[in-house]
Amino acid sequence: MAVTAAPAKPQAARGEPHPIATLVARRVAAGFITLLVVSAIVFLATQVLPGNAAYAVLGRGANPVRLHALERQLHLNRSIAEQYWTWLSGLLSGKLGTSLANGQPLWALVEPRLVNSAVLVFLTGAIGSIIGVALGAVAALRKDSWFDHITSVTTLAVTSLPEFVVAITLIILLATVVSHLLPAVSLLPPGTYAWSQPRLLILPVGTLVIVIVPYIFRMMRAAMIEALESDYVEMARLKGVPEWQIVLAHALPNAIAPTIQVIGLNFLYLAGGVVVVEFVFNFPGIGQGLVFAVQNRDIPVIQFIVLVLAAFYVVMNILTDVIALLATPRRRIAR
Amino acid sequence: MAVEASSVPAPAQAKDQGAARHPWLRVLSTAARTPRGAVGLALASLIVLVAIIGPFVSPGSPDALATVTFVKPSGQFPLGSDFLGRDVLSRVLNGGWELLLMAAAATAFGIIVGTAAGVSAAYRRGRADGFIMRTVDVILAFPQLVFALLLVSILGPRLWLIVIAVGLSHAPQVARVTRSATLDVTERDFVKVAELQGMRSSKVMIREILPNLISPLMVEAGLRLTYSIVIMAGLSFLGFGQQPPAANWGLMINENRIGLQLNPWAVIVPAALIALLTIGTNTFTDAVARVTLGVDRLPEEAVLTDDLGLGRTT
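Going down the list, the protein sequences come from chains A and B. Residues in the first sequence are numbered consecutively from 1, following my numbering. Residues in the second sequence are numbered consecutively from 336, following my numbering.
Be careful, since some hints might not be right.
The following residues of chain B were derived to be distant from chain A, with all beta-carbon distances above 10 Å [unchecked claim]:
| hint | residue |
| --- | --- |
| 1 | T402 |
| 2 | A463 |
| 3 | V565 |
| 4 | G569 |
| 5 | G574 |
| 6 | P579 |
| 7 | G585 |
Here's a subset of chain B near chain A, in silico, CB distances under 10 Å, partners left out [as the list claims (entries may be wrong)]:
| hint | residue |
| --- | --- |
| 8 | I387 |
| 9 | I489 |
| 10 | L573 |
| 11 | A606 |
| 12 | N617 |
Computed beta-carbon distance windows for the label pairs [as the list claims (entries may be wrong)]:
| hint | chain 1 | residue 1 | chain 2 | residue 2 | range |
| --- | --- | --- | --- | --- | --- |
| 13 | B | F466 | A | L238 | 25 to 35 Å |
| 14 | B | F391 | A | V322 | 53 to 63 Å |
| 15 | A | V37 | B | L597 | 21 to 31 Å |
| 16 | A | A126 | B | L400 | 41 to 51 Å |
| 17 | B | R368 | A | S145 | 19 to 29 Å |
| 18 | B | R462 | A | H149 | 44 to 54 Å |
| 19 | A | E111 | B | G461 | 43 to 53 Å |
| 20 | B | W495 | A | A69 | 27 to 37 Å |
| 21 | B | F391 | A | F122 | 42 to 52 Å |
| 22 | A | H149 | B | A607 | 35 to 45 Å |
| 23 | A | Q295 | B | L611 | 48 to 58 Å |
| 24 | A | Q295 | B | W495 | 44 to 54 Å |
| 25 | A | A249 | B | W495 | 42 to 52 Å |
None of these hints come from the bench; they were simulated from the model. Quick caveat: nothing in here was measured; it's all calculated off a predicted structure. Cβ coordinates follow ideal geometry from the N, Cα and C atoms, glycine included.
Put together the whole structure using the sequences plus the hints.
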């Protein structure tokens with residue numbers, strides 16, 4: 001932690017740094033270091049370990065001349081540290097290199113996928129959060145009613161389902177065997193983005209929403225029950241505050257604070273969850289791109305996508321922590 | 336932990352060591368007698384039974400090309416045929432045990448590595464703690480499925496590699512849970528006494544600390560097992576697990592979904608088996624958590640106290 005404490009020092013000279021500012025600075029610095037280590041691991045793992053990228057592309061019976069040429073093209077003949085530096089500085093300056101599978105520039109290949117996946121993730125996050133919070137709040141208000149029991153048991157069952165089972169179930173029900181209301185695959189014409197055909201988004205988003213809602217629901221329900229039984233709600237009741245006002249002004253905001261962290265964790269989950277769901281629906285996002293790249297052993301693409309997913313993970317983690325910190329007065333003091 | 340401390344009664348089995356020889360067995364049997372636990376255990380056992388006994392009662396060979404493709408269910412082929420004309424029932428009966436074995440092995444590996452890391456981080460403190468927990472942060476930055484895909488992309492789809500990859504991706508969460516539990520235990524008198532008696536630190540960790548981690552570990556193992564099944568089946572579904580022509584529930588779903596209109600049972604049955612299995616293990620774990628934690632606490636809720644992560648990152 002000695003390294004990460006450094007950014008907070010200049011502030012200390014001017015007076016007491018705000019404890020939250022220090023904490024945020026620390027988290028950001030730690031996140032940055034984590035990401036740097038992650039990039040080194042991704043690089044080492046894919047570039048150096050068994051044989052090398054040139055072998056992976058050309059196969060075992062590779063012609064030595066072509067092997068050497070490709071090795072030079074990929075800078076495999078230089079030292080590992082040099083290779084890593086070339087790769088990392090290339091990434092930072094926007095020169096991402098080319099795909100090994102078809103020689104296209106990497107950015108042109110990945111950019112539309114990134115946009116499509118972002119649409120998928122944020123749409124899912126928004127819809128899932130709203131549904132989860134609403135259902136959780138209602139279940140808590142009607143604790144031990146039939147609504148509460150049914151939603152609680154259903155969500156417990158659904159939390160454990162693999163995404164592709166949910167996806168296949170939706171396809172069977174809505175797109176093939178039972179009815180044909182929606183398209184079973186979300187193939188986008190090349191050059192178009194996901195929002196141009198909202199119909200194609202319904203099933204992938206629906207699948208991911210079903211997967212994340214139970215977690216948000218369960219957290220929201222528990223937090224809401226705790227809030228409704230708290231002293232300040234009791235106090236408000238004794239003062240004669242109307243019940244709807246107690247729910248909206250006192251219980252709900254206090255229950256949402258801890259739920260935000262679970263919502264954040266679900267965004268983290270989506271970084272991995274998109275892989276399977278995009279594959280099922282043939283949705284052209286980075287998850288599907290990763291699967292294709294692994295199938296083709298297209299190492300530059302694998303490196304880049306894994307790094308993007310890890311970066312998303314680290315950034316969302318920091319964001320979640322900071323928001324949760326700001327939303328819960330207790331925790332601001334506790335640390 | 337501090338917030339909840341007053342409402343969480345200390346796990347009963349940690350105190351009365353003389354009462355039962357295997358207190359964790361008592362926890363399991365108590366959990367199995369709750370409605371939730373009974374349903375979960377019954378479901379999970381049923382599917383495990385299908386997977387284990389399946390190969391012995393399979394009516395035909397899972398690999399024989401018995402008929403034409405995507406035949407509807409009939410007397411001869413109760414679940415119809417798959418995309419190559421193989422008997423779906425035989426493939427279903429043969430396609431579970433390897434998946435289960437790999438999931439169990441990955442869980443065991445993750446629990447062992449994670450516990451070793453978590454306990455030694457908490458017990459040794461200082462630099463070891465810092466190093467282990469930073470490593471945990473780094474591994475956590477990879478979504479679990481992506482971590483496995485990264486390893487598979489390097490070495491190819493080898494089964495032992497997948498077990499290690501999935502196990503390793505569990506280890507950070509397990510390490511976090513055991514670390515925080517160990518921090519509590521090390522403050523207790525019996526650990527101090529053992530230290531004063533000059534017991535070696537490795538012995539203190541195994542003899543004195545580990546037995547007190549059983550209840551959080553049971554819940555954790557249940558969660559990890561569920562996630563292992565989900566990830567293993569997911570990898571097979573993506574085509575990076577067992578390779579064709581192997582019979583595997585995850586792989587079957589992917590192979591046969593092109594024929595959903597013709598013979599949906601080739602997809603529905605393996606999907607239902609995986610779903611019932613994960614619902615079973617998860618529901619039983621939930622029951623165990625209720626028994627050991629004593630209150631209606633959710634695994635997700637513990638996130639707030641840094642005990643547990645969501646972990647469900649496939």
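- Message: Assuming the hint says 25 to 35 Å, is it satisfied by the Cβ distance from F466 of chain B to L238 of chain A or not?
- Response: Hint violated: Cβ distance 53 Å, outside 25 to 35 Å.
- Message: The hint says 42 to 52 Å between F391 of chain B and F122 of chain A; measuring C-beta to C-beta, is that right?
- Response: 50 Å, holds
- Message: Confirm or reject: A463 of chain B is not an interface residue toward chain A, with every Cβ-Cβ distance exceeding 10 Å.
- Response: 14 Å, holds
- Do R368 of chain B and S145 of chain A keep their Cβ atoms within the hinted range of 19 to 29 Å? Taking Cβ atoms as reference, R368 of chain B and S145 of chain A lie about 26 Å apart, which means the hint holds.
- Message: Please check whether I489 of chain B passes as an interface residue: C-beta within 10 Å of a C-beta belonging to chain A.
- Response: Cβ of I489 of chain B sits 6 Å from chain A, so the hint holds.
- Would the least Cβ to Cβ distance between P579 of chain B and chain A come out above 10 Å? 14 Å, holds
- Item | A607 of chain B and H149 of chain A - C-beta distance against the hinted 35 to 45 Å | With a Cβ separation near 24 Å, H149 of chain A and A607 of chain B fall outside 35 to 45 Å, so the hint is violated.
- Against chain A, is A606 of chain B within 10 Å by beta-carbon distance? 5 Å, holds
- Query: Holds or violated: 21 to 31 Å for the Cβ distance of V37 of chain A and L597 of chain B?
  - Reply: With Cβ atoms ~50 Å apart, the hint is violated.
- Non-interface label on G585 of chain B, tested against every C-beta of chain A at 10 Å: At about 8 Å from chain A, G585 of chain B fails to clear the 10 Å cut-off, so the statement is violated.
- Query: Is the Cβ of G574 of chain B farther than 10 Å from every Cβ of chain A?
  - Reply: Given that some Cβ of chain A is not farther than 10 Å from that of G574 of chain B, nearest at about 7 Å, it is violated.
- Task: Take a look at whether the Cβ-Cβ distance between R462 of chain B and H149 of chain A falls inside 44 to 54 Å.
- Result: 50 Å, holds
Comparing the model with each numbered hint stated earlier shows that hints 3, 4, 5, 7, 8, 13, 15, 22, 23, 24 and 25 do not hold.
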